[in-house]
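J.: Below, each chain spelled out in residue letters.
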Amino acid sequence: MTTRRSFLKVVAASGGALALGIRIAGAEEPGTPFVPNAWLRVDPDGSVLIRVGKTEMGQGVRTSLPMIVAEELDADFAKVRIEQASPGPDFRSLGTGGSGSIMRLWTPLREAGAAARAMLIAAAAARWEVSPAACEAREGVVIHPGSNRRLTYGELAADAAKQPVPEKVALKDPKAFRLLGTSQKRLDGVDIVTGRAQYGLDVRVPGMLYAVVARPPQLGAKADSFDATEAKKVAGVRHVVEISRGIAVVADDTWAAMRGRDALSIEWGESPFAAFDGDEHLKALEAATAAPGITIRKDGAGREAMQGVSRKIESVYLYPFAAHAPVEPVNCTALLADGRCTVWSPTQTPNAVQAAAARLCGIPAEAVKVNVMLLGGGFGRRLGVDFDREAIEVANRIEGTPIQLVWSRDDDMKHGYFQAASAHRMIAGLDENGRLVAWEHRKVSSPHNARGVPTEEDKKNPDTVRRWAWGVYDSPYAIPAAEMTYVPIDSPVPIGPWRSVFSPPSVFARECFLDEVAQQTRRDPLELRLALLGADDPSIENRYEIAGGGLDRARMRGVLELAAEKAGWGGRPAAGRSVGLAGNVFHTETYIAYVVEVSLRKSPRAGQLPFVVHRVVCAIDCGVAVNPNGIAQQVESGVIWSLSNMKGEITVREGRIQEGFYSDFPVVMIDETPGSIETHIVESDDPRPHGIGEPVVCPLAPAVANALSRLTGSRIRRLPVRASDLSA
Amino acid sequence: MSRREISINGRRRLVEADDRMPLLWVLRDRLGMTGTKYGCGVGVCGSCTVLENGSAVRSCQVPFEASGGKSYTTIEGLSSDASDPCQRAWLAEDVSQCGYCQPGMILEMKALLRRRPNPSESEVELALADHVCRCGSYPRIRRAAMLAAKLGGAR
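Heads up: the protein sequence lines correspond to chains A and B, in order.
Numbering follows the numbering used here, in which position 307 of the first sequence is assigned residue number 387; successive positions increment by one, without gaps.
Numbering follows the numbering used here, in which position 109 of the second sequence is assigned residue number 154; successive positions increment by one, without gaps.
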């Protein structure tokens, strides 16, 4: 165990600033020297700067993290800014993913803010020769009410830096929070609306050239040979180099590089997956649901209980491959010069970029500097470092020249990592009274392989397999006998973390099937869920322990009840409309429920959703709500993301990804956006804040599908939704 | 390669580029004006939208040879202090998430308001119907657009 003291330390700063180094997520061995990986600085002009290794990709960390510091520091929030930290030699925990930024940084940032505040007060007390206890701090000023004296944080910063870091600091009682829990707007909004915000593609380094790569159109193929004669004739093309993934064309501008690529003549070798077809794969997944697979959760007698049931309901749900498709295509800029590599990347994982650069260039990690740029959407795609590797490989070949490697839109759509296609066999067992007494959820998909293909051993290990079945094993419902299983099926389509990782397909199947069971047993879908969460049954415990955590069924009931109340559940929808509901607890931490109201769209345009969502009511329990405005923004975002999944899919024919643009992998547009999206935040007793960016996705699509199924009388068991699915 | 004079944000710029090079890359790679974003290159996503003589165009679809003598406004030219009513409305509604598509959205709205100073909600939706925001900021864009009209965005 490290002590508090080793988490915080005064570090050298120029010009009379108070600078505290912070070590976050230190699982260090005792005696390891203190290496900060976050900083808090109070400058003589009173401005406060925090540097943390959390990537902004639209989720609002550049606003919410400063709020946490400012609260405990009692800073003037208008003077707080955040800066992106870059990896140093011993700089772990910079990655951004899994909706974990707020939760993981909550305590360290609060402690840093409180420690700095104590030091500023101590400095003021020393100057006034009074007791620190007689002083107060507010909005960036220390006050001595007894003598009505005041000094700003800026005036105190230099003295405060000479104060010892307190061994222990008292954190505020959440009831005393002044800033946390209030709605704050984005701190970086002005940069965005004036075009000054610097995304990865906006990096401009003197002497920089632009590169695009021709990659094999078929999965797993490689170039046998290529002829660059014509490419080199394109004005502006400077180099053509072969890299591990394909042929890179390097030019004076992006457009010349793209035209040069078009002019390449490449013989692609045969693909071992030339026969791979996405529809056939989905059929194979469905067929594989016939076998139960590896058990990842078993309650009561598990699936054996199915033998004694009076009646079974059984359905299969299918979920397609899906792309991340951020509007800024992936890209990376790299320069290798004098044995040092500088990288500018819109990355969620700068440490991995640093390691990749060191390995590819054969230099120590200390000689690699990674500048993290803003992300034009992340969604898990930029946890991969494939695009960084390409840029570094090209820069390594053309030493001394900065290279910006750009993926075109269709590169981004075809050559990324995808949400795995999956099949889910759902079986419900009913007793003679029609009560749900047995449950089976068998998920089949191809395993997570963004960071390498799992070994055969991995595929048999329930602890590994469980991660691929998020949303299956962590179901909050208490059913006397339940068994959740997983079957891995290999596919050549590269799979990677997507927004909400692997949960959305699992939650879609579970929440839609539960609606089927409710309908077939003539129970209200809200009432059935509440009953399965122990609403009227004291023998069902609120706490349910599962691998990696535990969930609280009372909190799950809480969000369902709140969403239902706000939406007027149980009322009669207008003619031609229908309502649906679904819920989930994400990663055992954030509880969320949606109630939606839908109708069929009259004469949809080609590619437009064949239905209209009039209203979405969301209830969410994420513990402490740091920035309610940010939470509402993420709910809106999750609703649109999930609706997009009812619209588009990635298909594969003869080993080739077919979609390349938003015209063939359509996402939701403004004219398909729900009429209203309301967010209701539960006042939670949980003293910690939990993630938002991903939990908001999962239960929306099933709520919509449930509403549509009630409207048309036909069940939606495969996404995306076609107009033909909506005829009764 | 040819040399042309184009007016960008009220400044005359002499640019040399291939006649077929889209204005998007002229702006970004030749002039270093990166506020205009690349999203698809085929006129589908709208993130490269700029104003051409006051009307919204997709700069990835405007070849350099067609730009000569015309006057363009990019996001950098709307105002650098976010004082334009459209920018103010975007800030007031806290529209941006990742923000990458917003320059295109804002300029499309600017063009609409010049044409229709008080648009209806359906006119706003029609104007923005071909702009992709993968973060899903659309509910706030709707509100910001109506607010921009109130703030006198047509100016």
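By construction, these hints were calculated from the structure, which means they are not laboratory data.
Quantities reported herein were computed from a predicted structural model and do not represent experimental measurements.
Where hints are given, some of them may not hold.
Taking CB as the label site, the calculated pair distances span [unchecked claim]:
no.	chain 1	residue 1	chain 2	residue 2	range
1	B	Lys195	A	Asp357	24 to 34 Å
2	B	Glu166	A	Lys313	20 to 30 Å
3	B	Ser47	A	Gly261	53 to 63 Å
With the C-beta cut set under 8 Å, the calculated list includes, among others, these residues of chain B facing chain A [stated by the list, open to error]:
no.	residue
4	Leu76
5	Cys85
6	Cys90
7	Gln106
8	Pro108
9	Ala111
10	Gly114
11	Ser116
12	Trp135
13	Tyr145
14	Cys146
15	Leu196
16	Gly197
The beta carbon of each residue, even a glycine, is placed where N, CA and C say it ideally should be.
J.: Work down the list of hints and note, for each, if the structure agrees.
T.: Hint by hint, here is what the structure shows:
1. B:Lys195 / A:Asp357: 24 to 34 Å: violated, 53 Å
2. B:Glu166 / A:Lys313: 20 to 30 Å: Cβ of Glu166 (chain B) to Cβ of Lys313 (chain A): about 52 Å, so the range 20 to 30 Å is violated.
3. B:Ser47 / A:Gly261: 53 to 63 Å: holds, 59 Å
4. Leu76: At about 10 Å, which exceeds the 8 Å cut-off, the nearest Cβ of chain A leaves the hint on Leu76 (chain B) violated.
5. Cys85: At about 4 Å, which falls below the 8 Å cut-off, the nearest Cβ of chain A leaves the hint on Cys85 (chain B) intact, so it holds.
6. Cys90: holds, 6 Å
7. Gln106: For Gln106 (chain B), the interface hint is violated, since the closest Cβ of chain A sits about 13 Å away, which is over 8 Å.
8. Pro108: violated, 10 Å
9. Ala111: Hint on Ala111 (chain B): violated, closest Cβ of chain A at ~15 Å, above 8 Å.
10. Gly114: violated, 21 Å
11. Ser116: violated, 18 Å
12. Trp135: At about 5 Å, which falls below the 8 Å cut-off, the nearest Cβ of chain A leaves the hint on Trp135 (chain B) intact, so it holds.
13. Tyr145: Since chain A brings a Cβ to about 3 Å from Tyr145 (chain B), closer than 8 Å, the hint holds.
14. Cys146: With Cβ-Cβ at 5 Å, under 8 Å, it holds.
15. Leu196: Since the shortest Cβ distance to chain A is 13 Å, the answer is violated.
16. Gly197: This interface hint is violated because 17 Å lies over the 8 Å limit.
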